[in-house]
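A.B. asks: Sequence:
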Amino acid sequence: MADATTRSLPSAAATQWLMSMPPAARFVLHGDAAARAAAAPVWGTAFAEQACRAEIGNGRAALWLGPDEYLLLSADIESEAALAASLEQALGDLPHALVNISHRQFALEIRGPHAATILSGACPLDLDLAEFPIGMCTRTALAKADIVLWRTAAEVFHLEVWRSFSGYVTGLLNEIALEFHRV
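Numbering (the numbering used here), first residue to last: 32 to 214.
Check before you lean on any hint, since a few could be wrong.
As the list claims (entries may be wrong) - Pairwise CB distance ranges (calculated):
1. Q120 to F211: 45 to 51 Å
2. A161 to E206: 25 to 31 Å
3. E210 to S110: 39 to 45 Å
4. S195 to P126: 42 to 48 Å
5. E162 to A113: 37 to 43 Å
6. A65 to G152: 21 to 27 Å
7. F211 to D124: 37 to 43 Å
8. G152 to A77: 18 to 24 Å
Derived from the structure by calculation, the hints contain no laboratory data. Since the structure is predicted, the reported quantities are computational estimates derived from the model, not experimental observations. A virtual CB, placed ideally from N, CA and C, is assigned to each residue, including glycine.
Please build the complete structure, drawing on both the sequences and the hints.
C.D. replies: Right, here's the structure in full:
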C-alpha cells in the first residue's frame with residue numbers, strides 16, 4: 032500500500048463550483064447491528080440506521096450504502112493503518128468485513144446554485160432538496176461511472192469517484208456546466 036504522504040490525487044482543475052477534496056482514509060464496513068455497535072466508539076461517530084443517510088462527527092463520516100454496508104470516511108489519513116487495526120480489534124470475532132479502499136477512489140465537491148442541475152445532467156436521481164435532503168447519500172451512476180453521492184448542504188454535493196474515472200467524470204461535469212459556468 033502506498034504511503035499516505037505520497038498519495039496523489041487525480042488532476043481536476045478547481046473552479047468555483049467543482050473541486051477535488053483532500054485525500055481521505057476510506058473503508059467499507061459490512062456488519063450487522065452488533066458489529067456497528069462495536070465499531071462506533073472506535074470510529075467516533077454513530078452509524079446511520081436510516082437508509083441512505085450519513086452520520087458525521089469528529090472529522091469522520093459513516094454513510095449508509097445498503098443493508099449492513101457503510102462507507103467510512105476520515106480526514107485523518109496519517110493514522111489510517113492504526114485506525115484500521117483499532118477497528119479490527121474492536122470488531123473481534125463478530126462477523127464483518129472491513130476493506131480499506133483509500134487508494135481506489137477520490138472525492139469531488141460540487142457547489143453552488145446550479146450544483147443539483149449540473150449533476151442531474153448525468154445522474155438519474157431526483158436531486159430536488161425535498162427528495163434528496165441534506166445528509167442523504169446513495170450509490171448511483173453518473174452517466175457510465177459508479178459514484179457515491181452525498182448531499183452535505185443545500186447547494187453542496189460530495190461525490191466519491193473511482194480514480195480510473197476521474198477524467199471522464201470531471202470532463203462530463205465540465206461539459207454539462209458550460210451552460211452555467213465558464214470553465
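A.B. asks: It remains to establish, for every hint, whether it holds in the given structure.
C.D. replies: A quick look at each hint next to the structure:
A beta carbon spacing of about 48 Å between Q120 and F211 agrees with the range 45 to 51 Å that was offered as a hint. For A161 paired with E206, a C-beta distance near 28 Å keeps the hint of 25 to 31 Å intact. The hinted range of 39 to 45 Å is satisfied by E210 and S110, whose Cβ atoms lie roughly 43 Å apart. A hinted range of 42 to 48 Å is violated for the C-beta pair S195 and P126, which are about 31 Å apart.
Distance hint check for E162 and A113: the Cβ-Cβ separation is about 39 Å, which falls inside the suggested range of 37 to 43 Å. At roughly 42 Å, the beta carbons of A65 and G152 sit outside the given window of 21 to 27 Å. At roughly 53 Å, the beta-carbon separation of F211 and D124 lies outside the given 37 to 43 Å, and the hint is violated. Distance hint for G152 and A77: a CB-CB separation of about 34 Å, inconsistent with the stated range 18 to 24 Å.
The structure shown violates the earlier hints numbered 4, 6, 7, 8.
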